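Could you use the hints to bring the two separately framed chains together as a complex?
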Amino acid sequence: MEFITNHLVSLVVFTPAIFALILALLPGDGETGKKLLKTAAIIFSLVVFLLSCVLYQTFDSTATGFQFVERHEWISVFGISYYIGIDGISLLLILLTTFLTPIVLLGSWNAIEQKLKAYLCLLLFLETGMLGAFVALDIILFYGFWEAMLIPMYLLIGVWGGKERIYASTKFFLYTLVGSLLMLIAIFTLMSMHKAQLGAYSAALTDLYKVKVPFNGFNSPQTWMFLAFALAFAIKVPLFPLHTWLPDAHVQAPTAGSVILAGVLLKLGGYGFIRFAFPLFPQAMHLLAPVFMGLSAIAIVYGAWVAMVQPDIKKLVAYSSVSHMGFVILGLFSLNAIAVNGSIYQMLNHGISTGGLFLIVGMIYERRHTREISDFGGITRVMPIFAVIFMIVTLSSIALPGTNGFVGEFLILLGAFQTHKIITIVAATGVIFGAIYMLWMFQRVMFGPIQNNENKHLKDLSLREIVVMAPIIVAIFVMGIFPNLFLSKMDVSVKAFLSQMKI
Amino acid sequence: MEDQLIKPQNLNLSREQLAMLLPYLLVAVGAMVTLLAGVTRNANNKLAAAGVGFLTIVAALYSVTAVWGEPSITLFGGMLAADYSSGLFNALLLGATGLVLLSSYSYLEKEGIHYAEYYSLLLFSCLGMMLLASSLDLIVLFVSLEVMSIGVYVLVGFRRTDVKSNEAALKYFILGSAASAILLFGIALIYGATGTMNITELAVIAKTNPAVNPLMSLASVLVLAGFLFKVATVPFHMWMPDVYEGAPTSVTNFMTTGLKAAAFASFMRVFMNMGFGDNLTSTLNIGLHNVLWVIALLTMFFGNVIALTQRNIKRMLAYSSIAHTGYIVVGFISGGRSEYGYTSIVVYLIAYVIMNIGAFTIVALVGERGDRNTDVQDYAGLGFRHPLLGFGMAVFMFSMAGIPPTVGFAGKYLIFSSAVQAGETTLAILAVLCSAISAYYYLRVIVFMYMKDPIRDSRVAFTIPVTLVIFAATVATLSFGLFPSMLIHAAKKAASI
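Heads up: the protein sequence lines correspond to chains A and B, in order.
Numbering-wise (my numbering), the first sequence opens with residue 1 and increments by one.
Numbering-wise (my numbering), the second sequence opens with residue 1 and increments by one.
Just chain B, with the same shape it has in the complex (with noise of 0.2 Å):
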């Protein structure tokens, strides 16, 4: 008890435990130098917004690479986790954040929309997704996620005269309260069942109390809800494509991307350590693999089908982005019974942010003022038109097909073989089926880019940043789906515990 108590010698920040928080401290004081720029009325302040975020990330990027591989240790108390999992995982949403910015400034020019103010939004996001993907504590948890989400609430409705951009803001931050209030109650129920919030604290207590509390149960169930909605699966997705049609097209590419892996990789934090998914003997797990199992499936047929219809590219990768949530359940499914289950997750995310960057990016540019020149047909003749545009947009495509050689059949690979190790051999049928079905509508931009004459001649603007963004992307997912051995150590040691 005594401990417990803050008391100054608690709050001594060792070196080790200061490098490894450096990041974290980087991107906090980086985002408020960012909105000071906001502040002056100088006309240059956009740049230099853009700048100072770029700076604080690759800043960042450096610190987090300096203790790469560092024993893990504990900040806070317990409450942060700084080992080999959260560093990937900053790492991954750093590089994100400063792909994502950099392909931001020339779109949100093109659109009327630039304010510095967006920068400094972004990066406080960032903060709590980093924060959010190594929290060990239920409250940081929350706390990281709602600076997220409230980040991200503002940048949706960021196309502040657009209905259909105040739509999807709105829409967005009450289905997003709802689903904080159902996290933090599920959170509450947790601790009056057991007395702790801390993950690893409730771990062993999952792990010694196997029988069936139910009120752990419901708890179990609230905070999955919470987790499911941020992720989108099904019947939790009914806000996202609004959401991601609505939002400025840069916006969206950071949900798709940061959001999603930020959630996910918490989400994993979790599970992983609670042993949900570590074998099927306690009513809790059997219970727990069963609901994911039901959502896997329903999540990965229904963004598939109705990817579909989709005409509009924005809405076509919103449900297609959906759907690949669905394969990554299917990790969490055979997560704990087959040696490579957790380590999929980890590279799929990694291979989904990789190749949903490009192809946001490359919709960001081709788009015209006010999100026009999206649909599929706008794309016709692409291919030929911008030789290299139009390779890169075609090898995302088929990465996210999950056509070998690119990091998204890696991706696939090791959530399908995990799957069939695990024993859920008929899930990994079906997913492989719903698959299938995802083929049909990744080909359709090919078609159009590749097989259908232009109905306008319309040309593409490139600027420096975004050329390079895409340039990053398009060597990313070829080089790691060729040779992905790197990638899957690393998941591997971010994956175990």
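Isolated chain A (complex conformation) (with noise of 0.2 Å):
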């Protein structure tokens, strides 16, 4: 019991990976082989799940500072050490990973037929890769766990994806991987700084941030740094003009991986701004806060506008992301404590509802081989609970009040206007267009007469996919109703990542 409490988060974060070993060792021919390594895998993440919860619960919200620190030497002539810990930001982070994997795990039961084990175990894998990512505190720990990560998610757009899926695994791993490997340089280029003004190597990200970071303006090192990082992190989010490869992975992913991409992936993004750009070179942050709110308005916007002309359901959930995580960074860049309560908690929120529509139209793929809205229509006759759960998860993303969506949207928009009242004026606008797009679509698709005759023997939502849908439905409603279930948790982490902001 004692080993379990000291090793809480490590437990937490490499759980997934000896399950997966675990996973791979299983015998899985045959049908029943089929059957019982599925069940293994939501056990095993029900399991991670609830550690997880057993974190949230010890977690100590009035706390400052990191909690469930463990330290080891790792490589000690670089001051690289396994150095994990959380705070409020990176606990709910972890809690909608783990929350999220078992429902995409059962989500994909009927989806994969091919190479079963394999995509079972990478999705373990991914887990904990992610994982490790919210909880490291030191910068090469979290280096490696962000882009081993790449790795699974590759893979299983590239395996079991779409027909394009080739070309959208690639483009999305080099995205990626050049705005991490820029990243990598401003690391080494803080940790030579950390070495000649500290006297010594280290990656530790509590002494990174005692490191004085040259600055004078737009052409000085700490600008260029923080540029460095906040290139990697934009592609994650990605933010506008960098999204490009989103629409391609999210189209092309199976179901559980555009899930995860959107639910997670996307907020590392978000997390790593919070974590390493901001309080690393608060100065240059502040300068360049104008472009980036800029360029967030304009994702915003352009998001909803290009999502509202798309064919297709997963691409114009997929671009409604890039509407949403626009939402995320311009709270984050307009630093103000409301603001960024916001940001944090609709990046939950678009894990949760995203996370939603993507197993939505996952459903209603597995029935119709097709995600074009012109082949739909009328559904809400032969589907009325898909019907009723869709519509849910539609205003959740629209941002009706009540939902988990309102209370983001609503925390970013009244934050931000403080700081800058047009691109905020803006932003909002994009809420409208949402709504638009959003409340369109699902008219074409479920409203109005059956046009396709194929459409007119759907079956409803199995009990299985009413159970996928159901914890999303209640975690819609209890984070719209009681928000400060989430807010309260980070309050305090939030103070001080805003202290930190201070120049």
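By construction, these hints were calculated from the structure, which means they are not laboratory data.
Incorrect hints may appear among the rest.
To be verified - In silico contact screen, one side only, chain B against chain A (beta carbon under 8 Å); selected entries:
| no. | residue |
| --- | --- |
| 1 | F416 |
| 2 | I429 |
| 3 | S435 |
| 4 | Y440 |
| 5 | L443 |
| 6 | S485 |
This structure is a prediction, so every number in the text was calculated from the model and none was measured.
Using N, Cα and C, we set each Cβ at its ideal position, and we do this for glycine too.
Quick look at the structure:
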């Protein structure tokens, strides 16, 4: 017991990987074998979720600084250590990750027939990679998780994806790699500055925060290093104009891949800004904040416009992601307590509601093997339960009061308005466009007469599918009605973050 | 003057010196014994030769570990170094040769070119490499370079009836001889300028007279060109893709790993001793820095860009190996001006040897007689047909692309972070961008292995030695990637004079 409480975070992070190895050793032939594998994977991921709930329970939301800290020597010549810990912000993102993983595993129960074992193992490895990146307090450890996580995602898209999967997965990999390699150079610069200023190598974040990175206007090391970090994170978010990999990757990825990609991977970009780029280079951040706020406003409006004209539901959801994540960046760069709270909350919301939308698209695709909006119409008549669930998730995505989406977007706009009025007004129009494209899509797919004969005999959701969607629906309302359950956990951490950013 | 004459008492070897010399002696004896096996007409002579060869390597490795970490001395009146660096490189080169030897047996059988002499040539060449890596005298350096090269010239043409193999051997021989001549000319000029061939003495002269001596500058350029030819940087790389493709795959394996590591080890010893990278105050150092800067960039860029267009895996790995050479040259540029500059070269070389041996062994294993089945398309579906083999290849590809947690990342980490520390940020940025280009063609192998359906159903015939080699390389790639501390410590020790 002592061991578990001392290494709780490590346990949460590495349990999925260990389970993946166990899974690889299980027999997986035949129907029963496959069922066994799928059941085992779901049970494993539930265990991880329960562990992270223990984390949530024992987390002290009044204490400042990092909790559950663990530190061991690793590559001591460069001051690199196995240094992990969490604060309120990472706690919630961990919960999001462990919450979504069992859902996607159950959601892809029937979707994956080929090479099932490899698929399940990769999903679990991916979970370890993402969790590791959220808890790492050593910048090289973070980089390791950040890069290593690419491999399972790349394979998930490339092996189990749609027709253009190879193009999409390679594009995803290379985009992310270029960004992170430039960040790596900035990390090296930072570490050698630490060595020069404080006399020793260290990769620990708490040490690197103390480095004074030279800053005098735009053409100075701090700005360039901030830009290198920002490039890596902005590609991941993805911020306009670096978003072009996202629609490809989303459309080609299997449902589980899309959900994880939208639900968790994109959040790593936002998290990276909060944990690394901002506190390490505060002055550069202040200098460039208007630029990034402007870009995020463009992303919000542009993403919404492009989503509006998409004939493919999945692509529409993908572009809506660009728009929603634009809000996150807008809130973060406005650097205002309300907006930052809203941004983090929006990250969670987006994970839940966009994840839910991708699951819904997956369910309808499994039935009809098409995602074209024009192939549908009048689905409400044949699939009433589906219609209700779809409606709730859609409303959450357009931020109707009472759902989770409202809390996030409202807080962001409220906060950002105090920092930059014009940009916020532009961004706010995105909310309206968001309502237009979502509702229009919903209307064309669900309402009206059934045009297409193939749609007449669609089966409504099975019990398994209802079980998949139930936690998401519950989360939508819980987060919409009791936001304090989560906001209170991160309040102290956000305050600490903002005080770090004062120059 | 008196003690420079050859006298019996000067030829005495002390116990320590003999112990230090033992690895070289063992390999030399082993090579000759193996040669004898070829003379016998016995049908089992190949097995005997391979066995003797392997035992020789094991024995030599043991004798290297027996003197591991002993205080450094010199042998033969300062001609040969016996220090930590030579110990580490001997171990690396012997290890590489041993693994290549293990993976060769079934490959040569498959290709129908199995002769006992192969092992003898391998060992002679290995001897040349070991001597090259520890030579402290330019003449010894030249002679060992030739010992190493001549063995390889023959090995490249080992597929006697194959035109490509012959072309490769001839090309390599002619261009290699030209490069040797240039190197030798440079050495002669150095002797003319300074009156000595000993590297330690040369270093003293170079450090005390930083003023530009035209003869010395010319000589440095010639010697540099000779080395750069052997390690194949742009613009001295033209021979390499043809040779790598034409040579039997096991020989290519040997060349990319052992030969390159030995040439770089020797280059580093000369470069480091002469203090060329220590500062940018003397004209010669600035000149060398600028030349290497341009060469490193060109090498990384062209190697990677041309590799993008290759469909044949052997050729692709050949060009990628040019690119890796470029990264190592970056290590030379930042070498003396950062804390882990030279260390990074050693780490990268070790990483490079490990992952290349793994990759080439797989290429040799998957290939069919006459080097067919070496196109990227032939790897379609391999990852699911042979999961462990596919996993190994994927690990090597990700490692070459520098993705953590592999040893390739550890190597790139050191190279690039040293470059940043030495103030070469621009070069480091260009280098990582080149490295991003490289990810594309390494990924292509993964794409074919896992994402494409096989064109035809070809099964791979595993043998125990080959499986062992692949397993060892995979484990080493991952474990040194996760826990590189030991590697870095050893490299640091080897890179300090």
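We went through each hint and held it up to the structure:
Interface hint at F416 (chain B): satisfied, since its Cβ lies 6 Å from the closest Cβ of chain A, which is below the 8 Å cut-off. The criterion of a C-beta within 8 Å of any C-beta in chain A is met by I429 (chain B), whose closest approach is roughly 6 Å, and the hint holds. A least Cβ separation of about 6 Å between S435 (chain B) and chain A falls short of the 8 Å threshold, and the interface hint therefore holds. Proximity of Y440 (chain B) to chain A holds as hinted, the smallest CB-CB distance being about 6 Å (cut-off 8 Å).
Restraint check, L443 (chain B) versus chain A: the minimum CB separation of about 6 Å is within 8 Å; hint holds. A distance limit of 8 Å between C-beta atoms decides the matter here; for S485 (chain B) the minimum to chain A is near 5 Å, and the interface restraint holds.
Consistency with the previously given hints is maintained throughout, with no hint failing.
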